[in-house]
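**Q** Relying on the hints, combine the two individually framed chains into one complex.
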Amino acid sequence: MRHTDEELVFRCLDGDTEAFAALVQRYQHAVYATAYHYAGRYGGAEDISQEAFWAAFRSLPQIREPEHFGAWLKGITTRVAANWLRRNAPRLRNETPLPRRRALFALDPESAVHDGDSPEDLYEAVHRAVDALPERYQLPVVLRYVQEMSYEEISRFTGESYDEIRGILNRAGKMLRESLEQERIVQSQHGNERQESG
Amino acid sequence: MASCIQIRSLQQAYLDDELSSGEKLQFEEHLRECPACTREMENARFLTVRLFEVFGRDRLQDDLTSSIMAHLPEMDTPHFSGVRRVKGFQPKSVSRLSRVASLIPVFVPVLLVILAALLWAAWPTSFMKEAKAVGVITLSRGEVQSGHTTGHAFQETKTKDILAKDVLVKTGENGLLLFGLLGPTQATLYGNSLLQVVNERELLLEQGRIFLDVHGEPRAFRVGTPHGDIRVMGTSFQVDTGPQGTSVTVVRGQVLVENDKSFALLTGGSQGVFQKGGVPEVYQNVPAKRCLEEARSVLPDPGAERYFRSQYAAAPILPATVQKQIFMVETRRRPVSAVKLNWLPDPYAEGHAGYQVYVSDSALNPLFKAYIAPDVFKDKSRDSLLVAVPENLQGEAVSMLHITLMPDYKSGQVETSFTEVSAIGIRQ
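Protein sequence lines correspond, in order, to chains L and U.
Numbering-wise, our numbering comes out as the position in the first sequence, counting from 1, plus 2.
Numbering-wise, our numbering comes out as the position in the second sequence, counting from 1, plus 13.
It is possible that part of the hints are untrue.
[Stated by the list, open to error] Some residues of chain L that are not near chain U, with every Cβ distance over 10 Å (derived):
1) 4
2) 77
3) 80
4) 81
5) 84
6) 87
7) 89
8) 91
9) 133
10) 137
11) 138
12) 160
13) 163
14) 166
[What the hints assert, rightly or not] Calculated cross-link-like contacts (lysine to any residue; reagent style SDA-like; alpha-carbon spacing at most 20 Å):
15) 274(U) to 381(U)
16) 176(L) to 48(U)
17) 178(U) to 155(U)
18) 37(U) to 47(U)
19) 353(U) to 363(U)
20) 176(L) to 65(U)
21) 176(L) to 27(U)
22) 176(L) to 274(U)
23) 353(U) to 370(U)
24) 176(L) to 57(U)
25) 274(U) to 417(U)
26) 176(L) to 55(U)
No lab work stands behind these hints: they were computed from the structure.
Think of the CB as a built atom: it goes at the ideal place given N, C-alpha and C, for glycine as much as any other residue.
Chain U on its own, in the form it takes in the complex (with noise of 0.2 Å):
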């Protein structure tokens, strides 16, 4: 038998005539065993009567259909958010919008598929494949065409094309061309030029004229010539190469030049020009700025832009570790015959990058520059080292002897600390 509270649950459905006929003969049964329940039945039943009765009084009188039904307003537009057709069901005629918004399943994967194709064909080609990928042209005008070292076939290039490592490029007479290399770095290559894209911190410029912004990683980023290579620590600058040697302008930062034998520090508004040999002459005060409103003048595509600012440009800058190293050695005019640099062996690290040494007088005019390699520091008993000044610069009186130590990345990566750099005198 059925709980009490089980059957008072069921009191009001009782009332009501809601229960199954199952519910009504247990419910009807316990109330004949069942006072208590009963009672409680009598109470309810006689709330329930005098509810009705009240309620009644307001109970809606008249059909409200008629006075309804003649005052119908026009029904709304439909929406697209609007009905859904339900299997089994076919209505006799479809509006026509509300058929339209009935395709709109259909549609909106199609369109989804036709956009993602439209998306895939305008998006750089080949970036997938291409490992090796380095940039991207941001800009190709008139006649540009890029091959790669190991071939010889050059084939037009297009805007957003993607720069590989080992690319050649060679612009016509008319031909521009705007690309972005990982770093960020932003180039203008001007007409009648040849340029190899060793990789994104390295440039070999054949001929012609390049202007180049380049930002982020501190290490050298570097523009071969025939006549010199050019490193650069951030800055922009452009370099114009022909038969007569290199001229480098500076806009702003810091350019070093050098050739086989010498080399140059520039500065913004100083321009270096030089030749395969001897030392490079520097201008200072040159009208650099008209270089960096020229390469403003033309716009990148702006797709192209974006998508090397997504790809390229957002790349995470390292930061600044450890790089050039600067000394400054008094020699009070004395006659030196040696510098001597000293450092910290590492016992632990492996790959120790050469060091280049540039030496240059107080008003940072070049002396001379010489080469330590990396073997020198894999023998991990030696701290120091002594670089001889050239026969021809013994002579030279000069007061202060400032010093640069640069790692070369190229031979090693592990970059050595030096604590201090002297100056041998020459015994008179």
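Just chain L, with the same shape it has in the complex (with noise of 0.2 Å):
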């Protein structure tokens, strides 16, 4: 049987550690990937992640509604990764940051989709249209992508409705879209289409 994130909550603050270990099975991938959106540049979004459990395993006495347990522990997450930047800003400036270095090893020939485009080009050309998203869009675009979350896990964690994350989604995949036909990364596909269909 399935338990509420209310129901883990009180355990947890019964003692019960199971509950606390169901709770991160639950939300790691959300966790992980807000602090990936945040910091992950940097290759720390999975320290974040254990200290943004740490972080709200010590506050959890002081969660007020813990039906809503998925968006209180998505503000601990931000404080946390803002304070992981802060504390690591000097050893980062000096840093390239994780794309260029993903990519060398990410290098596959079979994942070359683009005609003449290197992978290196596509992850940047997304990153930066991502960035350049209304920044309510952001979040709920890296849950979808990095960890494949549901409609329903993301509004969990965001606290947006079911209904304003479909419309979110759906309205950043067009933009998504516009940005990346105009660099020329998706345009492609139109070509190929009109060629296939001509």
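**A** This is the structure:
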């Protein structure tokens, strides 16, 4: 039987650490994706996720609405991520952001989907496009595409309703397509299609 | 059939498999007949695949649960603002603190009710019922009793008791009473005194000693004694009355002392002693400060004093209206038979106040006094009156007459504006 967040929170407060493990399992993807969104390109996402869960466990007795555990955890995660960035700012200043580093070992001839475009270019263009989205659209997009979370899971974590998430992701998809077409990243598909149909 | 705009709003959800079965069928049906939407959808699918591909590289690889659970920190002590218990879910056991916290919704109203009851009990008694309340006892020490003029039953007076109109207060040998009156006025009644509070601006001191700090309202504050009246216009003074007579010591301000026959104007540092008849004796430069120091040495109960300030002292102070009018009349040492007063009749006003006329010489030594009945002002055709100088004073040679006209608010509220006062000489 699946317990609600609220039940698990109360069990934790009663000293049942197994219940907290269940919450970690349920939310680790969301927390990780959020951490990745804020600080992931510097490789801190996992550290931040751990810290965020520890901070959540420490301050669990202060939660006011256990039924909204997800949204509460999101707040903690963003705070922890901001602190992590501040703490590591001096070191990060001299470090190459993640996209380029990852792209080096992500090079795979079979995944080269673009005519002549390197995967690094796609990677950076996608990140640029996501960063250009309205602030409110960014996290749902990251949650969806980094961890393949369902709309229901996203809505529980961001605190927005299911319908809002559906609308946000639809509009965000359209915006991303537009900005990537401008960067000539997905435009080739049009060409291919036209060739096929023609 | 749904419009292309409606269909395109479902596009991403279709790709993410988040449509209801009805929506999904509708979407697919539309796509079969609309090449534009199909192309649009294919573009979206292409992008979605790319996004999963790009972001998928950074997906969380390992389960973090074990590493997180391995180093779980201590949980903070619960705060009172903590979780709400929800119906339908009963935890097995609850920590003691969170149990206390969960009782807050019950405790707070109960605590408030208890506090309200305590406040009610501590509040000055029967203020609400007592419509005629004019003041409050700010300190009662030793033997102090109070009763009403209509009844004779005296009972012990306590701090924070309310003073109503027509209350009689009696202090024993060691008794001491501090009270505040609307106005505001603060008073210290010493031992062996008998005082009647007629209203907030009038006291009758049958015997004993009282110190008064009169503020605010410009209308005269009156203290009656068996030997005569004391009227003040905002001042600190002490009245001591006994079988021998009454003495008034003024710390600051102006005090008018009068008996049936005569009167005296006292200022700071002077003392007037008077009996029922005869002219008051006035002494200058008496140690009046001592009266003030004595009165200030006793402090009122802080709670009662706060209450007094909130209820009585905060009363708006009326703007100074016309009250006493002073005229100087040169006589050049000629004998005077009468003083002529001129005024402007007000044709519309009713309820005129009578006027007390106080006549002194240039050194403010009292000569005589007179009273103008309110009826005089009722007659609108009339605009002057002759006030005769007593026969025994007609021979007095004074260079100047100092005439003070003071309304008697007991007889009416409407004041009269005097325009001229002149002296009528005696033909020689």
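**Q** State for each hint whether it applies.
**A** Hint-by-hint comparison with the structure:
Distance check for residue 4(L) against chain U: the nearest CB is about 14 Å away, which clears 10 Å, and the non-interface claim stands. At roughly 16 Å, the least C-beta separation between residue 77(L) and chain U is larger than 10 Å, which holds for a residue marked as non-interface. With a least CB separation of 17 Å from chain U, residue 80(L) remains clear of the 10 Å interface cut-off, as annotated. The beta carbon of residue 81(L) sits about 15 Å from the closest Cβ of chain U, which is more than 10 Å, so the claim that it is off the interface holds.
At roughly 20 Å, the least C-beta separation between residue 84(L) and chain U is larger than 10 Å, which holds for a residue marked as non-interface. For residue 87(L), the requirement that its beta carbon stay farther than 10 Å from each beta carbon of chain U is met, with the minimum near 17 Å. For residue 89(L), the condition that its CB be more than 10 Å from all CB atoms of chain U holds, with the nearest at approximately 18 Å. Distance to chain U confirms residue 91(L) as a non-interface residue, since its nearest Cβ pair spans about 21 Å, more than 10 Å.
Chain U leaves residue 133(L) outside its interface by the beta-carbon criterion, the shortest separation being 13 Å against a cut-off of 10 Å. Look at residue 137(L): its CB is around 18 Å from the nearest CB on chain U, clear of 10 Å, so calling it non-interface holds up. At roughly 16 Å, the least C-beta separation between residue 138(L) and chain U is larger than 10 Å, which holds for a residue marked as non-interface. No beta-carbon of chain U is positioned within 10 Å of the beta-carbon of residue 160(L); the least distance is around 15 Å.
Every CB of chain U lies more than 10 Å from the CB of residue 163(L), the least distance being 13 Å, so the non-interface label holds. Even its closest Cβ contact with chain U, about 12 Å, leaves residue 166(L) beyond 10 Å, as expected for a residue assigned away from the interface. A C-alpha spacing of about 8 Å is found between residue 274(U) and residue 381(U), which places the hinted pair at or below 20 Å, so the restraint holds. Under the criterion of a C-alpha separation no larger than 20 Å, the hint pairing residue 176(L) with residue 48(U) is consistent with the structure, at around 18 Å.
The suggested pairing of residue 178(U) with residue 155(U) is violated, with an alpha-carbon distance near 23 Å, which exceeds 20 Å. A distance of roughly 15 Å separates the Cα atoms of residue 37(U) and residue 47(U); the hinted pair therefore holds under the 20 Å criterion. The suggested pairing of residue 353(U) with residue 363(U) is violated, with an alpha-carbon distance near 23 Å, which exceeds 20 Å. The suggested pairing of residue 176(L) with residue 65(U) holds, with an alpha-carbon distance near 15 Å, which does not exceed 20 Å.
Restraint check for residue 176(L) and residue 27(U): satisfied, since their Cα atoms lie roughly 14 Å apart, inside the 20 Å limit. Pair hint residue 176(L) plus residue 274(U) does not hold up; C-alpha atoms about 106 Å apart against a cutoff of 20 Å. Straight-line distance between C-alpha atoms of residue 353(U) and residue 370(U) comes to about 11 Å, which keeps the hinted pair within the 20 Å bound. A C-alpha spacing of about 8 Å is found between residue 176(L) and residue 57(U), which places the hinted pair at or below 20 Å, so the restraint holds.
Restraint check for residue 274(U) and residue 417(U): the C-alpha separation of about 16 Å stays at or below 20 Å, so the hint holds. The hinted pair formed by residue 176(L) and residue 55(U) meets the criterion: a straight-line CA distance of about 12 Å does not exceed 20 Å.
Of the numbered hints stated above, those contradicted by the structure are hints 17, 19 and 22, listed in ascending order.
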